[in-house]
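Protein chains in written order, with our numbering: chain A, 212 to 491; chain B, 10 to 609.
Watch out, some of these pointers could steer you wrong.
[What the hints assert, rightly or not] Examples of chain A residues lying across from chain B (beta carbon under 7 Å, computed):
(1) Val269
(2) Leu278
(3) Leu310
(4) Ser313
(5) Phe379
(6) Arg386
(7) Thr394
Since the hints were derived computationally from the structure, they do not count as laboratory data. Idealized CB from N, CA, C, for every residue including glycine.
What follows is the residue order along each chain.
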Amino acid sequence: MIPLQPPRRLVDVQIDGETVRVPEGSTILDACQAAGKDVPTLCYGDTLTPKNACRVCVVEVEGSRTLAPACSRKVEAGMTVGTDTERARHSRKVVLELLGSSVDLSTTPRAAGWIEEYGAEPGRFGDDAATVEQPAKVDNELYVRDYSKCIMCYKCVDACGDQWQNSFAIAVAGRGFDSHISTEFDAPLTDSACVYCGNCVEVCPTGALSFKSEFDMRAAGTWDESRQTQTTTICSYCGVGCNLTLHVQDNKIVKVSSPHDNPVTKGNLCVKGRFGYGYV
Amino acid sequence: MDLRFRDAQPSAEERAAVDALLGPPATGWEGGARTEAELRYAARPEPARDLLLPALHAVNDRVGWISEGALDYICRRLTVPPAEAYGVASFYSLLSLKPRPARVLHLCTDLACQARGAEDVRKRVEARLGPAGSSWQPSPCLGLCERAPAALAIEAGETPSTQVYGPVQGDEVTVPHGSNGHGPAGWEPPAEAAVPQAGRDGLVLLKRIGVVDPAGLDAYRATGGYAALRRAFQLGPAGVIREVLESGLVGRGGAAFPTGRKWDATARQPDHPHYLVCNADESEPGTFKDRVIMEGDPYALVEAMTIAAYATGCAKGYLYVRGEYPRAVRRLEHAMATARSRGLLGADILGQGFSFDIELRRGAGAYICGEETAIFNSIEGFRGEPRSKPPFPVEKGLFGKPTVVNNVETLVNVLPILEHGAQAYAAVGTEGSTGTKLFCVSGSVDRPGIYELPFGATLRELLDLARPAGTLKAVLLGGAAGAFVTDLDVPLTFEGTRAAGATLGSGVVLVLDDTVDLKHILLRIAEFFRDESCGQCVPCRVGTVRQEEALHRLSERVDESDLLLLREVGRTMRDASICGLGQTAWNAVESAIDRLGVYK
């Protein structure tokens, strides 16, 4: 059951010259979606508070000195927004170049398409450009942390922390280019507060966090999403009734996700629902 | 909060350091010894996340570094997740999570010191103490630019001590504490040594520096101290705000926002409590004006904060002083304690029924914490990452409450406004920039230091006082986030520098003569921003790295494609970064390329 919201005033905003009417309190991204504009996003999560860290969704707001992140900036009546101006496109292009040159985006959905669309050339910084390349951390049987693919979107930290799981096993440590996701003193997950709910994997936008099953299959070259089916069912463990989406390849469950629009769990599961399918 | 700890044990010394700050643990549930009885009930300590940084300081001050056991104990005492506390501790450059000697030398390698031979000192120190990272480390600007090249030794212990070296040669730094030939332990020149104009007539903000004992409340009151606060009580809060509005005072931290409007907006907020934050995290390379005020006239800041709190309805103020300013911290603590004991701070100030107190917080080595919202996160015990605006601090600031945040110099300007009235104040300076301004002159000049001049004086007039040595090549206005200028007739006002494509910023005037290698200075600026970026947003986190890489390539071989790359990355940092750090990280480099033709 979805609780009814109190009625909200509607405001008119101009998106690329087109008037769009959205409820007060909506973000520019909401308005763009209502207007059918495709604004790229990476750190935005539909179940999380926008962190606006990646800056790939920046748009030009008339009267604003700098570009505004569409994912978090709230609309105001009469706002004039340009989503595809030269200035916005330029920043998106360079942001994609900066990310593409420092992070492995090979498993980031849509990244390759955006790099092409915006004419980004991640290779222009040369072969000596600093990267976050490092070996993947495999310290448990359930999921793998490959931080060479991490764009520091903060979503895993938010999902692990006070926005969903309240386990606080991981946080951002270090500063600047050296900042990274870490447990205390970089301890292995098995010594940390991790409860293996996998909700961080659910929100990871780049594949830096992946299920061990997927990681192993990708390494073996057998991961093939075109041969997978997705079946949404209900978890059989307890009475909460979380939705599970079973990803099946060759008649075997290869990973479990959960629909983000589920009103009870919003895509979150516990260790049993997420990983306890060995009995099937 | 159900937290999992790894049960690393603190040493007795670490435990004592934390307990000295927080008091002994009330129960076994918050880090004390567990008793049989306690296992029969669960107790939860009040979360006190905002004491995280002070607790980390306590251990770092006592032992020199923070071990797993110490971090675990702090987390139990404050109910903070260990992973988050680790993230906070690893954010600050003065804190160490690895064992290191008790005494660590922080050697300034920043702009003003670079212009005065810091590179040679660095080599000598390296030869004596070995590679950086253990007993010494290179440091961003220490705010000792008038004594460049400078160094600061911090020694952990039961009574932690500090020692300032300036100018440092490089050979004296290994001499054990207390017998360094500079005088007794901890001796350093008085604050007025940084003020060539000290004692002259006509000074407004610097009038007491070198004239009045900074420790004496009576001396302060005898020279007009606390007259402004009495006047404020006569005017009432709305009257004070009206005076500040009419005076035309704008913020001196760099952004030049009208102070009266900020106060007015905060005072009007229906949400309570309101907080006052004094931003004394002065870290812009080449800036040391706030240090001189805090060391030389600490009561002025205490009085000014009291007035600001009265006007905006704050019962509590935080004074966030950068960690590299030990003497300023000592003097302010003394001034606050004396004022408190004399009824000038605390409950019922001057019998007027107004209560206000100040809590001093020390930074721990992070330039970004001088950003007006990062400072809130730092005080609250989170990583000092800027928040995205809106909402602005006047609406949701410290602890999510309406907050007025002002720089030290801005606040002390309120005293002359109230003493002499807004009109008298606004009569000095220009229409767009009223009053006087402190300028931090350093680099290749014979008389470096803080100068106070009315707005409207030209750069040439300022340099006539400071006497450039050698042949002048360029002046960096506004610090690392500022711009190079060569026109000495630029008027030193907010509007004048803006028209010249520069900025007053925090008042930095770094003079470079023709012996200074500009490419080296630009590399240092790029390195500074790369080091000090918080890492939150992509344009700044990766852009500052790419900028430094390109400048390294350019200093060897000029290539048009690298210049284009710098421009594109720079434009993106300016357009798409979250905060002012990333937005200004390319200013100085751009102006050096365009105006000085560095890579021609």
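Worksheet item: Can you name, in rising order, the numbers of the hints this structure does not satisfy?
Response: none
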